[in-house]
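Two chains, two separate frames, one set of hints: put the complex together.
Heads up: the protein sequence lines correspond to chains L and A, in order.
Note that my numbering numbers the first sequence so that position 237 is 237, with each residue one more than the last.
Note that my numbering numbers the second sequence so that position 195 is 195, with each residue one more than the last.
No lab work stands behind these hints: they were computed from the structure.
A few of these clues could be false.
[Claimed, not checked] Below, computed lysine to any residue pairings styled on SDA-like, alpha-carbon distance capped at 20 angstroms:
(1) A:K357 / A:R46
(2) A:K367 / L:M110
(3) L:K111 / A:T72
(4) L:K111 / A:N336
(5) L:K111 / A:G73
Computed from a prediction, not measured in an experiment: that's the story for all the values here.
What follows is each chain in one-letter form.
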Amino acid sequence: MPAFQPNKVQLLCDLTFEGAWPTTVAFLGSSRRLAAGNRDGQLFIWELPDKQTKEPPPPVRFLQGHTNGITRLRATRDGKTLVSSSLDRSVRLWDTTAPTTGSTEVVLDMKTREQEARRQRKPEIVTKPGVKVATQTAAHVFQVHQNWVQALDLSGDEKRLITGDDNGMTIVWDLASRKEIARWTGYPGNWITSAALTSDGQTAFVAEFCSRRGDFDRPPAQARIYDASTGKEKLDILKVQFPNVKKRDNSYGYATTWGKFVARGFVAADFSPDDNILAVGQGGETGTGKVHLLDSRTGKLIRSVSGHQYGVTDVQFSADGQFVLSAGRDTSIRICRVSDGKEIAKLGKERGGQFKDWFHAVDVSPDQQCVAAADIAGQVRVWRLG
Amino acid sequence: MKKFCTPIEHVSRRAFLKGTFGTVTGGLLMNWGGLWHAAENVKNERKHCILLWMNGGVSQFETFDMKPGRPTGGLFRPIQTNVTGIQICELMPNIARQMDKLAVIRSMHTSQIDHPGGIHLMHTGYAATANIRYPEIGAIMAKYLGKEESDLPDFIKISSQGNSGAGYLGPKYQPFNLDHSGNLPPFSLSRLDPQDELRRHELRQFVEGEFAKKHKVETARMHQEAYEGVRRLQRAKAVFDIEDEWEKYRDRYGDSKFGKRCLLARRLIESGVAFVEVGQSSYDTHADNFTGHKGLLPPMEQAWAALLVDLEERGLLQSTLVVWMGEIGRTPRINNRSGRDHYVRAWSTALAGAGIKGGQVYGATDKDGIDVKDNPVTEGDFFATIYKAVGINPKKEHYQGIRPIPIAPFGSKVVDELLRS
Chain L
1 MPAFQPNKVQ LLCDLTFEGA WPTTVAFLGS SRRLAAGNRD GQLFIWELPD
51 KQTKEPPPPV RFLQGHTNGI TRLRATRDGK TLVSSSLDRS VRLWDTTAPT
101 TGSTEVVLDM KTREQEARRQ RKPEIVTKPG VKVATQTAAH VFQVHQNWVQ
151 ALDLSGDEKR LITGDDNGMT IVWDLASRKE IARWTGYPGN WITSAALTSD
201 GQTAFVAEFC SRRGDFDRPP AQARIYDAST GKEKLDILKV QFPNVKKRDN
251 SYGYATTWGK FVARGFVAAD FSPDDNILAV GQGGETGTGK VHLLDSRTGK
301 LIRSVSGHQY GVTDVQFSAD GQFVLSAGRD TSIRICRVSD GKEIAKLGKE
351 RGGQFKDWFH AVDVSPDQQC VAAADIAGQV RVWRLG
Chain A
1 MKKFCTPIEH VSRRAFLKGT FGTVTGGLLM NWGGLWHAAE NVKNERKHCI
51 LLWMNGGVSQ FETFDMKPGR PTGGLFRPIQ TNVTGIQICE LMPNIARQMD
101 KLAVIRSMHT SQIDHPGGIH LMHTGYAATA NIRYPEIGAI MAKYLGKEES
151 DLPDFIKISS QGNSGAGYLG PKYQPFNLDH SGNLPPFSLS RLDPQDELRR
201 HELRQFVEGE FAKKHKVETA RMHQEAYEGV RRLQRAKAVF DIEDEWEKYR
251 DRYGDSKFGK RCLLARRLIE SGVAFVEVGQ SSYDTHADNF TGHKGLLPPM
301 EQAWAALLVD LEERGLLQST LVVWMGEIGR TPRINNRSGR DHYVRAWSTA
351 LAGAGIKGGQ VYGATDKDGI DVKDNPVTEG DFFATIYKAV GINPKKEHYQ
401 GIRPIPIAPF GSKVVDELLR S
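Bound conformation, chain A alone (with noise of 0.2 angstroms):
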């Protein structure tokens, strides 16, 4: 029996409500928007995002800024790329050959060093404070991105570490978080015979709709949206079972979580949903940091480079958007713990896909990567030239009472040079 249905499958389904919902228990709310539709459309319509979410901070000067000789060097050397001057890390060997797909920064310069500021500022391109709940770039995505009465959320997360959610643009775009394996949580599954289950449903939308005709409050139209939601995914949930793909893709991603977790982001993209996160952890390498990352990065660049591959394959790269980054970089000087710790005055981000020119270095820093030498980017430029590959106004404002916000902060430059004319 084939497991996976094709999103063209699912095109004639009657959509539901759109909107929010949360669960029965704890009012988790989830965000869902249109209709899934067919993979050619996906790949003409409007544009899509991943964000590969390096938990804890990737080292630059092992990644995409490396310093070779210098006393903040480290133990890595550099490779070639297929781009002609533009070397990086040899940990990086698949993405090396892939870096006429990227774009990299490396004149990050960035305002928060610390895990909790930093994931805060780098999901949502502001620093927190506390009377305004900004909405992270995921939940912008799905909001400006997301297809309304979809059977797919348009926000999801694998395994990864935001810590802001939907913040002022409400619950509808609160993401779906997806466990370290990509499982679906256990509240969306339910384990009750089919029968069973609609009788529960039929008696549960009658006592909603009691209760709704007596109380005209939000709440509780978002708590019945939220179970069309989860009944909408029953249909799409096959989509989330990778293994009939594994076999034939696990040898190009790389027998790891991280490589299950880049495909399944492929497969989400391909099935219409706006915005997929997905996170590897453990790079806040305070103590043996070299160590650390030789056991982190082969496995991530090698899903990161396959995913390139295959999104183009598919004819999907040029709507899709892939941000690779963490919350912080890592110190120049090493500790005597064999260790990097947190830095923010230069460090590097790449960017690939949809809107974005390839095979460029931005930005510099100077010899020993203390400091940006060149073209600095701000986390309101990163986020706005983002925002402006996938076509949405960076400087589009929404309000908090009479307060504008806009999407990108206010004085944020897109960095023109990175994006297609």
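Just chain L, with the same shape it has in the complex (with noise of 0.2 angstroms):
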């Protein structure tokens, strides 16, 4: 495989994605097929160009199924089998090989034709009709869950699926057989922000959080470690960064002691390669979200690293492990060497007002070739490395 050269970095395509806002986007195999979903629960498949382009390709499929916003996706290596998770309550398995089942029209620039009708004063623009994409179906609809799903990931071994719902409830599941290995719940109340699996599926790292502000006498925030098989517990992380905070202390204890570490939650989560280290990321809106790199071990924190203005919405190692990259709400990707900490790349530029525009996720290719974000403005920006 070749090697994660963040050095150099050029911007291969913007793919058009208005509308909801793209919240989340993983590569397909290769660095030439992805797939990117948005709030409203669209999930189009697009093949990517060979050469930088300004004529964004349209999407090749609509997975169809989902019917609220898509928070995660994950991928195998292959790119043959896709999850998604969503706040539809629903978690799908997608065969992205499998035939279409029909075709229908998609209009995903509406928000660029209303600009021109305005502009050109020609109504006409936005009735214009849109493109015809492939349609497909789920091949499986894990429907167990019964609020939002906000945290998915598939161990390294691509045998095992993890996800975490807003009722506090986290499931591990058998991928092949689609059935459940252990299920278990945090504090009332609390959601399940994050997830992770270790490459072999046997450990599991789950975040929670709530937005209560000091209205319940619970903590708001938990970030543990789990044997992935059985649910029990094998490291309270927040426990070891706060040895002398109660265990049940409320949310004042929260907003004091633990506020700088969490900040407004876990929202993103990921395992090193080698399972050594975790990275987390500081989500919700906060001063600076900061991406910290944990002993997966002990929790101990080894450094934090990156730093995106107002929060970061997304984690993730490159394949050899040397990086981590991390999507944020000041519209970029931070490239982060993990052996320093030191910032090698930055991609994207601050968009907005006093508030900058989200990058909502991130993914890197399989071949490391390329990284491509979900950006809220509509679209999916894909750059090509080296």
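If you want it as structure tokens, here you go:
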């Protein structure tokens, strides 16, 4: 596999995905195929161009089924299997090579059309036909969660899946049989905001949070490592960080002692390929969202890297584990070297007023050649490395 | 030992001086109404009101005026209520089951878009002005619905935010404020031995009496009455301690501070208090509106629904108006912080209980919730309707000098469709 080379970066294309915010993105097997979902539950697949282009290609597939925002996407390395989690409480499994089931017309540039129609004073621009896209349905629907599913990850060996919902329920699944292996719940009322599995799928990280803002006598944040086969707790990371804080501390305690570490919850997490380091991103709207690199065996903080003004939205290690990429609420992807925490590259440019537009998610292609970001302005940005 | 004295136990107690009192140190003044009377009497006598105050401005799109499938609709989905044809946000399943008790107004159209102005407006019915201090709704209700010579104040706020107080009605009707957990303020609790307290009281009475003989000033009288009020509160303070009931009602009201506040509100109403305001903060969701409401609404709506059921089971709902509102609504547009900003062109409130015809939605907004489409309700109309529901004439005038000021602003219209005939 070619090395991950963040030093030289070139924007390959901006895929048009206007309408509801694009929220998540995943490469499928190579740097030539990519899936992205949005806040309306729309999920498309694109074939990416070889060369830099200003004329973005239309999507080639419309994966139909979700009825509310898509929160996370994970794909197997061969790109054949894609998993999506959603605010519609379902998790869907897609065979991206399956025959299509039909076609439909979609308009993904409505915002641009409306602007053009106003500029040219030609309202008919808005009603021009869209593009025909082949459709397909999910190979399987996991319809067990009873609330928003915000956390999703696939183990490195691609055998296990972990999902977490806003009822505090975490479930570990066997991907082949599609059956549950274990399930457990966190504090009542807390949401599972992120989850990650190690490469062998035997260990899970789960983060909890809830925006209760001082109205409860329960801790609004948790960060724990579990045995993924049994749901038994192995390590309480907040306890490691704050050994003197009571286990059932109240939200005031959270605000004063945990706040700087947790911010508005860990909304993204990823284990390094060798499983030794856990990266967690401080999300929600916060001052400067950091990515903490934690020793996954002891829970101790190795270092905090990156720093997205107003918060982190996504975190991912490069395949060689030498770099950690983060997306954030400052319209940027930041690439940091794990060994010393130095920021090597920053993709994107701050955009917006006092508060910036978000890059909602980031993904690195399995061949390490491309990085993609879900941009809330209505596009998926794809950069080529090296 | 029984912690909570039932209201009937206080019936025969001699009434003390009516009126106002201030704290020793700062002139914090509270209102005091009538003798603490029996719960049975509460049911049959004059009306009461509980205001559930959603401070910061709760979103109409995430509560009662959903726009699914529209760009303004947001991330939540509607659910069916127990009234055919009425849908509300999925975050409020308990309230959905009590919809037959609610009258939702989807067509609020008010004038103050910022927090201080909105808080004043939606507590008084009037925009703030430099030369008139308008009384809050709680002060008006304390004046007209309060009982003389009570052991309890008639206008109590629990963790709430009104900024106007009694206004021109004077310190007699000032709110009595409890903290976030419903605790009494420190000044109201004596730490002295009862014998020492009595001796101190007698000495103070003597000194104040001598002073009053020489100085016929209103402030001295108010000060004296304030002390009397605090002393009376000592007898009634058990009602503020909800712990004996909390075990039983925790599951119903929800294990939250807002749930506790609502249970305390019910106890206060049951004990004869005219007006209780219960606040919940943090609705000002310029950022992360959806997770914000997802965190705030479930405990609120569970407690609200429990309050309605509890009041109904005790026969108090027919005499207790429950008002739900914030100071503003939130924008149809979702900003780049995943938030909604301030909006007053079209937003929602809800009423239940005394005088209200439940199971209805009044007014409507357009397809994106940008403007009121049918039956706009101004702040004046809203307050006029509330006052009429509890038997107060909204056109009744008070005077500031020679200037008449109606309880609800001139030109306000009672929305009769919201009221039981």
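Hints, one by one, checked against the model:
{"no.": "1", "hint": "A:K357 / A:R46", "result": "holds, 18 angstroms"}
{"no.": "2", "hint": "A:K367 / L:M110", "result": "holds, 19 angstroms"}
{"no.": "3", "hint": "L:K111 / A:T72", "result": "holds, 15 angstroms"}
{"no.": "4", "hint": "L:K111 / A:N336", "result": "holds, 15 angstroms"}
{"no.": "5", "hint": "L:K111 / A:G73", "result": "holds, 17 angstroms"}
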